[in-house]
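Could you build the full structure based on these sequences and the hints that come with them?
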Amino acid sequence: MADVALPLDELGAHPARSPWKLAWDRFRDHKAACISAVFLALLIVVALAAPLISRYPPNYLGFDPVVGPSWAHWMGTDHLGRDLWSRVIYGARISLLVGFGSQALAVTIGVLVGMTAGYFGGWLDSILMRLTDIMQALPGILLAMLFVTVLGSSTRSLILAIGLATWPVMARVIRSQVLQARRLQYVEAAAALGCSSFRTLSVHIFRNVLGPIIVLATFGIPSAMFTEALLSYIGLGPPPPSPSWGRIISDAFPYLEVSPHYMLFPAIALSVTLLAFNFLGDGLRDAFDPQGAD
Amino acid sequence: MPVWLGVVFLAFVLVHSIPGGPFDTGAIRPPATTALLEDHYHLNDPLWKQFGYYLGDIAHGDFGESLTRRGLAVSDVIKERFPRSLILGATALIVALLVGIPAGVISSVRRNRPTDYTVMVGATLAYAVPNFVLSLLFILFFGLKLGWFPLGGWGTPQHVVLPAIALGLPWAGLVARLTRAAMLDVLQEDFMRLAVMKGLGPVTVVVRHGFRNALLPLTTVIAVLTVELITGSLIIEVIFGIPGIGQEMVTSVLAADYTMVLGLVIFYATIIFIANFLADVSYALLDPRIRNG
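As given, the protein sequences belong to chains A and B, one line each in that order. Residue numbers for the first sequence follow this note's numbering, so the first one is 1 and each next one is one higher. Residue numbers for the second sequence follow this note's numbering, so the first one is 1 and each next one is one higher.
Hints are supplied without guarantee of correctness; some may be wrong.
[What the hints assert, rightly or not] For the chain B half of the interface with chain A, some residues (derived, Cβ under 7 Å), not all of them:
#1 3
#2 7
#3 14
#4 18
#5 124
#6 128
#7 129
#8 130
#9 133
#10 144
#11 148
#12 227
#13 231
#14 250
#15 251
#16 269
[Unchecked claim] Which residues of chain B face chain A? A partial, calculated answer using Cβ under 7 Å:
#17 6
#18 10
#19 42
#20 132
#21 136
#22 140
#23 235
#24 253
[Stated by the list, open to error] Just so you have them, the derived chain B footprint on chain A, three or more residues with Cβ under 8 Å:
#25 39-49
#26 135-144
#27 228-240
#28 252-258
#29 267-275
FYI, nobody ran anything at the bench for these hints, they're computed from the structure. Model, not experiment: these values are computed from the prediction. We put the beta carbon where it would ideally sit given N, CA and C, even for glycine.
Below is the structure:
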């Protein structure tokens with residue numbers, strides 16, 4: 001039989017594109033998300049290269065206190081005469097570390113719990129879901145506050161506390177995703193071909209829930225950073241002289257009237273970062289879930 | 001109910017695993033006195049037994065008294081302070097709905113036009129800026145620079161304005177997005193086209209036919225908002241010096257006043273349960289499709 005060359009172009013067929021390529025194409029259409037991605041990449045570089053960019057050590061005392069922005073001090077100085085620019089740059093490290101670290105923890109626990117509950121069902125599912133019900137019954141910030149009090153105030157315990165307080169949301173969403181994915185034909189086929197439960201879960205189902213996980217974690221990062229700043233603001237963050245944004249903002253409160261720049265610079269840094277992560281999350285959600293987007 | 005008990009237990013275990021005991025205050029007293037004190041409060045009993053005592057007490061409405069302020073009952077503190085937090089939260093809820101719903105409706109009607117984009121960027125902005133940053137900006141501009149409102153404190157209606165807006169505005173952003181999404185679903189229904197075709201004015205069509213149906217998904221949001229307004233008010237009350245439950249919570253956590261922290265956490269959990277229950281009930285009441293199964 002001779003091959004019949006179909007006039008694909010005339011039929012209006014598209015070249016095959018992988019789901020990831022499709023997602024990437026949709027993401028590129030989201031301008032705010034792209035700008036945010038560039039900004040956040042820059043922020044990460046700045047945080048990593050803080051010693052090179054900061055100009056002064058972040059805890060060096062000895063400049064005139066609470067002076068406005070100048071060429072010598074781009075963001076002015078704080079109430080103890082430290083260079084604010086250097087402190088804000090180093091503060092980005094803490095904020096990003098807590099944001100990414102806590103969400104990595106939350107995703108790990110959430111994936112383990114959610115996938116186990118969704119895939120195996122039965123009594124295991126009931127127990128795990130009651131547990132997440134209990135964890136979710138308390139507001140995340142309150143839970144994180146209690147965990148920090150138990151664990152002590154440090155960057156590491158903030159990561160642990162916020163991670164432990166936010167995994168139930170992840171677990172719940174991942175469980176419902178797994179419940180849907182389980183019914184997909186190729187997952188049934190994998191099981192029929194003799195894949196072990198572990199392989200079915202870790203290879204076939206995981207690939208399916210990866211999109212929602214990325215989106216959830218992207219929205220989780222700014223809310224973790226917000227919680228970190230809030231806990232630092234009320235004094236439960238890493239102890240001084242650690243330059244956490246939340247603490248700088250609370251230190252600046254008494255100087256609000258005399259020199260608003262002291263509060264404004266760290267506040268802008270925090271707000272713009274949170275905004276960028278939210279836009280990035282919007283873009284990723286539209287990219288991975290075109291039905292949900294409008 | 002089992003979940004509520006689980007929450008009480010979780011909070012109890014967490015508070016009891018905070019390092020250090022309530023009598024490690026550095027006060028000098030004979031070891032025998034400390035032992036007596038610990039005995040009196042059952043601190044040397046196993047944890048499950050202590051939990052039993054505690055449950056028995058709260059069943060009688062007795063949440064114990066403050067560890068750091070003698071003679072101050074936790075339930076009295078709640079009775080005195082909760083009304084203030086409630087006024088703040090309720091006003092913030094009104095702000096969130098009053099700003100968020102019209103913004104969402106306008107955005108959905110002008111879908112994919114500049115108005116829509118502006119409103120949605122504004123919503124994300126409101127949602128992303130932390131409420132304590134918003135509070136400080138409000139204090140700076142409307143309190144210090146313009147002098148329109150008091151910087152903090154409690155007592156007159158003027159004291160409520162800035163904190164309520166700071167607390168409610170971020171959630172107005174969320175409400176706007178959800179209203180828009182719900183409206184977009186409704187606007188493409190056939191009955192909407194029918195309403196236009198039978199000659200109703202655009203306002204009537206959007207408000208009477210569109211918005212009434214979009215209202216439904218919003219009722220569940222109110223339960224979520226209750227939780228968010230409670231946690232949000234922790235920091236807002238601290239910044240504006242409002243003597244409510246949130247401020248008490250932060251003070252007690254910092255002062256290691258464990259009975260107070262535990263009592264307040266249980267109180268919060270109870271409110272959240274009630275809010276979720278009410279949301280379920282109102283959902284069923286508003287939607288005949290759910291009510292009649």
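Evaluated hints:
1. 3: The hint holds - residue 3 of chain B has a Cβ within 7 Å of chain A, the shortest such distance being about 5 Å.
2. 7: holds (5 Å)
3. 14: holds (5 Å)
4. 18: holds (5 Å)
5. 124: holds (6 Å)
6. 128: holds (4 Å)
7. 129: At about 5 Å, which falls below the 7 Å cut-off, the nearest Cβ of chain A leaves the hint on residue 129 of chain B intact, so it holds.
8. 130: holds (5 Å)
9. 133: Holds, because the Cβ-Cβ distance from residue 133 of chain B to chain A comes to roughly 4 Å (cut-off 7 Å).
10. 144: This interface hint holds because 5 Å falls under the 7 Å limit.
11. 148: Hint on residue 148 of chain B: violated, closest Cβ of chain A at ~15 Å, above 7 Å.
12. 227: holds (5 Å)
13. 231: Interface hint status for residue 231 of chain B: holds (4 Å vs cutoff 7 Å).
14. 250: holds (5 Å)
15. 251: violated (10 Å)
16. 269: Check passed: Cβ of residue 269 of chain B comes within 6 Å of chain A, closer than 7 Å.
17. 6: Interface hint status for residue 6 of chain B: holds (4 Å vs cutoff 7 Å).
18. 10: holds (6 Å)
19. 42: Violated - the Cβ of residue 42 of chain B stays beyond 7 Å from chain A, reaching only about 21 Å at its closest.
20. 132: At about 6 Å, which falls below the 7 Å cut-off, the nearest Cβ of chain A leaves the hint on residue 132 of chain B intact, so it holds.
21. 136: With a minimum Cβ separation of about 6 Å from chain A (threshold 7 Å), the hint on residue 136 of chain B holds.
22. 140: With Cβ-Cβ at 6 Å, under 7 Å, it holds.
23. 235: holds (6 Å)
24. 253: holds (6 Å)
25. 39-49: violated (count 0)
26. 135-144: holds (count 7)
27. 228-240: Held - the segment 228-240 of chain A has 6 residues with a Cβ nearer than 8 Å to chain B, which meets the minimum of three.
28. 252-258: holds (count 3)
29. 267-275: With 5 residues closer than 8 Å to chain B, the segment 267-275 of chain A meets the three-residue bar; holds.
Against the hints set out earlier in the document, violations occur for numbers 11, 15, 19 and 25.
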